[in-house]
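Protein sequences appear in the order of chains A and B. The first sequence begins at 1 in UniProt numbering and counts up by one. The second sequence begins at 1 in UniProt numbering and counts up by one.
Any given hint could turn out to be false.
Just so you know, same-sequence chains aren't split out, so a pair can sit in one copy or run between any two.
Claimed, not checked - In the EDC-like style, the derived pairs of lysine to aspartate or glutamate whose C-alpha atoms are separated by at most 20 angstroms in a straight line are:
hint	residue 1	residue 2
1	Lys132	Asp170
2	Lys92	Glu348
3	Lys336	Glu150
4	Lys132	Asp183
5	Lys188	Asp76
6	Lys135	Glu356
7	Lys262	Glu348
8	Lys305	Glu255
9	Lys188	Asp26
10	Lys135	Asp79
11	Lys328	Asp247
12	Lys336	Glu251
13	Lys82	Glu313
If you're looking for bench data, these hints aren't it; they were derived computationally from the structure. If you're wondering where the values come from, they're calculated on a predicted model, not measured in any experiment.
Protein chains: 2
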Amino acid sequence: MSSDTAATPRLVTAAACQLGPIHLADTREDVLKRMISLLDQAAEQGVKLAVFPELAFTTFFPRYLLEGQDLDQYFDIEDPRKGGIEQSPNIKPLFDHARSLDIDVYVGYAERSIQSDGSHVDYNSSVYYSAKANKIVGKYRKVHLPGSVEPKTAAGAFQQLEKRYFRPGDLGFPAFRAPGLVDGALKKGDMENSTTGKGDPIIGMLICNDRRWPEAWRVYGLQGMEIMCCGYNTTAFQTTSSGHAVDMSPEAAEELVMLHHKLSCQGNSYMNACFSINVAKTGAEDGNPLVGGTMIVHPLGHIIKEAVTKEDELVVATIDLADCDRPKSTVFAFEKHRRTEHYHSIVERTGVVEPELLASD
Amino acid sequence: MSSDTAATPRLVTAAACQLGPIHLADTREDVLKRMISLLDQAAEQGVKLAVFPELAFTTFFPRYLLEGQDLDQYFDIEDPRKGGIEQSPNIKPLFDHARSLDIDVYVGYAERSIQSDGSHVDYNSSVYYSAKANKIVGKYRKVHLPGSVEPKTAAGAFQQLEKRYFRPGDLGFPAFRAPGLVDGALKKGDMENSTTGKGDPIIGMLICNDRRWPEAWRVYGLQGMEIMCCGYNTTAFQTTSSGHAVDMSPEAAEELVMLHHKLSCQGNSYMNACFSINVAKTGAEDGNPLVGGTMIVHPLGHIIKEAVTKEDELVVATIDLADCDRPKSTVFAFEKHRRTEHYHSIVERTGVVEPELLASD
Chain A
1 MSSDTAATPR LVTAAACQLG PIHLADTRED VLKRMISLLD QAAEQGVKLA
51 VFPELAFTTF FPRYLLEGQD LDQYFDIEDP RKGGIEQSPN IKPLFDHARS
101 LDIDVYVGYA ERSIQSDGSH VDYNSSVYYS AKANKIVGKY RKVHLPGSVE
151 PKTAAGAFQQ LEKRYFRPGD LGFPAFRAPG LVDGALKKGD MENSTTGKGD
201 PIIGMLICND RRWPEAWRVY GLQGMEIMCC GYNTTAFQTT SSGHAVDMSP
251 EAAEELVMLH HKLSCQGNSY MNACFSINVA KTGAEDGNPL VGGTMIVHPL
301 GHIIKEAVTK EDELVVATID LADCDRPKST VFAFEKHRRT EHYHSIVERT
351 GVVEPELLAS D
Chain B
1 MSSDTAATPR LVTAAACQLG PIHLADTRED VLKRMISLLD QAAEQGVKLA
51 VFPELAFTTF FPRYLLEGQD LDQYFDIEDP RKGGIEQSPN IKPLFDHARS
101 LDIDVYVGYA ERSIQSDGSH VDYNSSVYYS AKANKIVGKY RKVHLPGSVE
151 PKTAAGAFQQ LEKRYFRPGD LGFPAFRAPG LVDGALKKGD MENSTTGKGD
201 PIIGMLICND RRWPEAWRVY GLQGMEIMCC GYNTTAFQTT SSGHAVDMSP
251 EAAEELVMLH HKLSCQGNSY MNACFSINVA KTGAEDGNPL VGGTMIVHPL
301 GHIIKEAVTK EDELVVATID LADCDRPKST VFAFEKHRRT EHYHSIVERT
351 GVVEPELLAS D
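Throw the hints in and build the complete structure from the sequences for me.
If you want it as structure tokens, here you go:
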């Protein structure tokens, strides 16, 4: 595909690090070994960015009604007095290994954030660890929590208790740059010497259900995001408001869930002219089926590469961030085409306000 | 597909009235005859809502650089002193025929709006004509105009001059109700007698390029829109910023354009839990290829029915608006899940503001 002037390639070899099921009986040490094994395989393929799923280190525990230590065990403690989450003994080995391989990492985890008064607030979070900087350079807390606060009471209801266990993210959608992820990026003070050069890649992060919310993508798109990282745990069927599976065959249900996943990731990547790296925890966790669909999507909306299993699997592609340039400067040149004067209800209204009913005559 | 309590069906038989090419030499009388013929076929299939394309009555003239009478001939005059556009001799026969068949109509046209001082402002517009009410009950002026004000100067450049010929729409995205389009709709004052009943169907309208802008869909979604009507004329290849076709085979180019069309319509229908009726003017107009892809999309994102030709063709489906209820009350129950405190840049920022460059060390 040509553009008017051949843009300088900005290549990144990226891996979507899909995880198969993590059962209740699996230990964190077991999972960490699997993740480190994926990093080793990624390094052999020249990968510089590895994206892991949401809540990657454990089973998807919000499907269970838990309390006390049964719940606490799933969280990693973030205590400002003791350093960031990268100091957690559960997580540090992953970043240490990534650093030894020069690979950046996105990973999701359950965050217990200790407040100054000693109390805590819990979030469904992700961080972006930069191997070059040897630190976390991006942090995100899931904004769009699905499910309910109170468990569904109907017999046989499926639970989704994220709204019970987590507070909605308070960090917004903060795009950030990944230092050194591509060669030749302009640095502060370099700009006057270049009219066409680009800085370090601009990264966005979402978690699972967020990917169905175009507002989230757009706020990142308005920061020039080039790569969206998004991990997820997505149940392979749909439920009614009482928590029962919608009455259709398992195959049809999974096909529908997969359609929604693809429309969300491909549609929003296209409409924001960005790559997206979408990574599942998949397979059946103690009998609870999760969809796969791990895939790397192009800014023109097509799937570059996707997973073929529901197990631990690496999906690797070398992407060229220069492919964002044409759509960002033509059909999606936001500054030329957006009409913000007509968008106000997006921020002024949370729920639906219907047009009033018509008169009977 | 079951829900918790079987909702009362709210059935609408709808037709996407695709038009094949309209060449420069075709008269408006010729086109009107084709449209009326489609209405007659629709009536035979029990259709109550017929959706026609953008700028349905003429060739897609913004591909030409025109002035004076050569340009003026494409516009329909809307002069408040002489009644609305439905009085235009070019358009009135369509609505008269629709009324005789009891069919509502969405149709796109080039609007020349006469101002109180006698000057005029031009818009790329659509109206919704209600057969039951025998009047226009919805009007929309295209907000997201593609293309450029000045013609591309490079030799052999393709032109897209909508930004030259039209002003961006000034009406926002006003959803409205279609009187009597389904049986048994609640009317003003009936609500206290029903906890589950619904009013007349809530309709949204977009035009062509608007469908790629999630903000537009969302503003309608926040009004409870159940059916989106969208006509389009979409070039079957993509161009660079200088106006040249992107260098790829015609087949690959058309496939890519079709992918973008489908991701936009299916993705945004899914994310707003609405039906959408997407209608092409298609085929080659004097050698200029337009994509087809006319289709009716379900609120769960799948295509219910789509066109198989690039000629005048009726795509008919009976849809049940009750199918919007489950997604609107679960995954897309906006009032439970949206977090407007994080969406502000969508209205506060038109173009991109990138994160600042990193320091070199």
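Right, here's what the structure says about each hint:
In this homomeric assembly, Lys132 and Asp170 never come within 20 angstroms of each other (Cα to Cα): the closest approach is 27 angstroms inside a single copy and 49 angstroms across copies. In this assembly of identical chains, Lys92 and Glu348 lie within 20 angstroms of each other by CA distance neither inside one copy nor across copies; the values are 42 angstroms within and 39 angstroms between. For a Cα distance limit of 20 angstroms, the shortest separation of Lys336 from Glu150 across copies, 13 angstroms, qualifies, whereas the shortest one inside one copy, 46 angstroms, does not. Taking the shortest Cα distances, Lys132 and Asp183 sit within 20 angstroms of each other inside one copy (12 angstroms), while across copies they are farther apart (65 angstroms).
Taking the closest pair of Cα atoms, Lys188 and Asp76 never come within 20 angstroms of each other, the shortest separation being 35 angstroms inside a single copy and 54 angstroms across copies. Taking CA atoms no more than 20 angstroms apart as the test, Lys135 paired with Glu356 passes between copies only; the shortest distance there is 18 angstroms, against 54 angstroms inside one copy. Taking CA atoms no more than 20 angstroms apart as the test, Lys262 paired with Glu348 passes in neither setting, with 29 angstroms inside one copy and 29 angstroms between copies. Proximity of Lys305 and Glu255 under a CA criterion of 20 angstroms is satisfied in both settings, with 19 angstroms inside one chain copy and 18 angstroms between copies.
Taking CA atoms no more than 20 angstroms apart as the test, Lys188 paired with Asp26 passes in neither setting, with 46 angstroms inside one copy and 59 angstroms between copies. For the identical chains of this complex, Lys135 and Asp79 are intra-copy neighbours only, at 16 angstroms inside a copy versus 65 angstroms across copies, given an alpha-carbon limit of 20 angstroms. Taking the shortest Cα distances, Lys328 and Asp247 sit within 20 angstroms of each other only across copies (18 angstroms), while inside one copy they are farther apart (42 angstroms). Proximity of Lys336 to Glu251 under the C-alpha cut-off of 20 angstroms is found in neither arrangement, the shortest distances being 44 angstroms within a copy and 29 angstroms between copies.
Taking the shortest Cα distances, Lys82 and Glu313 never come within 20 angstroms of each other, neither inside one copy (34 angstroms) nor across copies (68 angstroms).
Checked against the numbered hints given earlier, the structure breaks hints 1, 2, 5, 7, 9, 12 and 13 and satisfies all the rest.
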